[in-house]
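K.L.:
Heads up: the protein sequence lines correspond to chains A and B, in order.
Residues 1 to 258 in our numbering are what the first sequence lists, from first letter to last.
Residues 1 to 439 in our numbering are what the second sequence lists, from first letter to last.
Simulated from the structure, these hints should not be mistaken for laboratory data.
Note that beta-carbon positions come from the ideal geometry of N, C-alpha and C, so glycine has one too.
Among the clues, some could well be false.
Here are some chain B residues the structure puts well away from chain A; computed CB gaps all over 10 Å [stated by the list, open to error]:
#1 112
#2 169
#3 257
#4 298
#5 411
#6 423
#7 424
Simulated DEER-style distance windows between Cβ atoms [unchecked claim]:
#8 B:297 to A:204: 52 to 60 Å
#9 A:47 to B:91: 57 to 65 Å
#10 B:343 to A:85: 38 to 46 Å
#11 B:328 to A:96: 41 to 49 Å
#12 A:112 to B:371: 51 to 59 Å
#13 A:117 to B:164: 57 to 65 Å
#14 B:343 to A:249: 18 to 26 Å
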Amino acid sequence: MMIKKKLFFLILAIIMIIPLGSGCTKQSPDDNSSTAKSDSVTITTYNSADFQSKASEAEKWLKNNANTEEAESSQRYENDILAIGDSTYISLCCFETDGMVDRFRYVVEKYKKDEKTVIYNTFFSYDTCPFTLIKDESNIILYFMGLDIASLATWGDSGKIIVAYENGEAEIIEYSFSEDTETEVANNGLDKKKCRCEFMHLLKNNKIASVIAISAPQEIKYGGTTTRLFRFDDNLTPISATAINMEGMYEEKYFPNN
Amino acid sequence: MKKLVFTVAITICLLLSSLTIVAMKDESEMISSLPDQYFEWQGRVITQLELSDRDGIFIDNSENYLHAKALESYTRAALWLFDYSDSYSYKIESKEMRFTDGRIIIECYVYIKTHSMANPSDVFCEKTNIKYTFSIIKTDNKYYIDKVTTTDLFYSISENEIADIVIMNGADLSDKTAVDDAVEQWLKLRADNAFKMQSNYPDIKIPDLEYEMDYEKLNNDLQTLNNVDNVIESEENGDSALSFKSQASVSTAYNSTSAASYADTYALNNNPLFATLTGDCANFVSQCVWAGYISWNGSMSSSTVQSYIANDYKMVTGQSSNNWYMGPNTGHPNWTGLNSFASFLTNTSKIYGPSGTIFNNNKSYTDLPIILLTPGKAIQMKISSTYDHSAFIYSSTGNTLANKLCAAHTSNQKTTVASFAVVYPYIRLLSFNTSVFAN
Chain A
1 MMIKKKLFFL
11 ILAIIMIIPL
21 GSGCTKQSPD
31 DNSSTAKSDS
41 VTITTYNSAD
51 FQSKASEAEK
61 WLKNNANTEE
71 AESSQRYEND
81 ILAIGDSTYI
91 SLCCFETDGM
101 VDRFRYVVEK
111 YKKDEKTVIY
121 NTFFSYDTCP
131 FTLIKDESNI
141 ILYFMGLDIA
151 SLATWGDSGK
161 IIVAYENGEA
171 EIIEYSFSED
181 TETEVANNGL
191 DKKKCRCEFM
201 HLLKNNKIAS
211 VIAISAPQEI
221 KYGGTTTRLF
231 RFDDNLTPIS
241 ATAINMEGMY
251 EEKYFPNN
Chain B
1 MKKLVFTVAI
11 TICLLLSSLT
21 IVAMKDESEM
31 ISSLPDQYFE
41 WQGRVITQLE
51 LSDRDGIFID
61 NSENYLHAKA
71 LESYTRAALW
81 LFDYSDSYSY
91 KIESKEMRFT
101 DGRIIIECYV
111 YIKTHSMANP
121 SDVFCEKTNI
131 KYTFSIIKTD
141 NKYYIDKVTT
151 TDLFYSISEN
161 EIADIVIMNG
171 ADLSDKTAVD
181 DAVEQWLKLR
191 ADNAFKMQSN
201 YPDIKIPDLE
211 YEMDYEKLNN
221 DLQTLNNVDN
231 VIESEENGDS
241 ALSFKSQASV
251 STAYNSTSAA
261 SYADTYALNN
271 NPLFATLTGD
281 CANFVSQCVW
291 AGYISWNGSM
301 SSSTVQSYIA
311 NDYKMVTGQS
321 SNNWYMGPNT
331 GHPNWTGLNS
341 FASFLTNTSK
351 IYGPSGTIFN
361 NNKSYTDLPI
371 ILLTPGKAIQ
381 MKISSTYDHS
391 AFIYSSTGNT
401 LANKLCAAHT
411 SNQKTTVASF
421 AVVYPYIRLL
431 SFNTSVFAN
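With the rest of the complex left out, here is chain A (with noise of 0.2 Å):
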């Protein structure tokens, strides 16, 4: 009976995953029977490379731009850097410390000519969604926060996310990294170049119809690969998600830390 439960979320799982990697076949040029939906379907891929170099490109924006101070402060860590007309967003894990407990906050600070304003600000937790969509007048963005996403058993380090509009569009963010990548390992604990799955995504408008994403974790035996509906509050904070894996279909509830 649990083996045909089992089997039946698998098949579930794939029925729900094949239309996905159909549209990502459709990118292709060379497919001219799917002109219409290849337009429709973008996938952007991140990976270990693509971390480093947007942490680097955003210390030293931050340096040149704004706040050397800031930018070389090791109770900061810039992970991603993104200029949207005359905005620039860079998203950072904070380290702080009263001597006797130590925090981590995830930050998105905007800067528009000289003004500073701190978007996002969040305690980072393993029991809240590693991400999260953050709306200004203009903009909306996905922001992941993969500092351990790797320890979390039903997430792993990699994974698709799938942002799909009203107007009939979709968005694929695959993501990937490797913890292989030399570190530097700062006073306050945090890796400084160490590889971390964090970055920011430029969404294509403020007009979703769903988010569900896809997690390949490396540790198959916790439920195996793992897809999540999920559901946001009106800040657009994913509070739950509809889960499904091998384990079954399940309610994952997150505790957003404010």
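Following the hints, complete the assembly by docking chain B onto the known chain A.
P.N.:
Quick look at chain B alone, frame taken from chain A:
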């Protein structure tokens, strides 16, 4: 004369027949009682040990050499090995016999109770539906247990401990002589512990093992023996009446001393068998709680703990959102996330995993009843809206917050609840109860 001959012949026939029946019944009972002998022999305590005639039982498990050597040695040395801290009793809850490939297979489900040697009413652990499968063969007119398999994790522990000794001796596990030597060392170590324990508690009287032989069941077994064809046919047809589908379910007491000891040991140095996370506080507290459920102690070998982790022992897997586990690489948010852990702890709809109580939720630390802050409990703290740090109480030296010693990651430290209260206005307390696990 003819009448007399006829009467004598009939009498002889009846006598032979009854002897045959008695012999068959005796044989059947002997076979059926082998598992009982096996458990009785295991259950002998150090004060009652004596060299006994166990010629009818010989263990040789070619598939699992360490296990076989350990059990064989028990027989030869007539030592049953009680750890220095606990003892156990058992009861066979069900027993079925069948025939496969010329062997008699007896499947038993066993209830095992582990209790304090000093205080037998103090039950550490009760396990029910533990499956034992005995494979029995007949050689030289004797029946032998040639293989025992079980879902009881205890055996993998003994194997791991012996393996540790082999490796410490600089030998290889493929070297059977080295394994034999390690078994002897291990037996001596366990026996020394047992004797030491006995000398500490000279007046201890361990209750006799309690189980009742079910003679009605034995008669049924006899019928089964006499009906081999039907048994085989039933098995070939997948007759569920002869198969066992029970899921083991273990009620496990929380040993706060073990949990506190683990916290004290790994406060400043991470246990390398678990992944260390960037924010490690909830991971560490979960490890301490887990240590309480496995009755961890400082003499537990690294390979034993490693085996527990690899087998998700006293962890929860396969329960979707109600999982609770951690390994050398990854873990579940209910283990690694402090809010998820608190929610999981008090979730009464879950089947397996630690259960407990949260005191002083969303209240100031000044409302905490200090008397409740005892070793083996955890605290969670917050500055404003969300609890974001946790620690584990490993010692108490008095009845103030400054006397409640805590261990915490990250940063790894030993401190006091009073020190945390300086930073965190809100502190809640988590206590842990006897809980149900699948293994």
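K.L.:
Going through the numbered hints above, which ones does this structure break? Give me the numbers in ascending order.
P.N.:
Hints 5, 6, 7 and 11 contradicted; others consistent.
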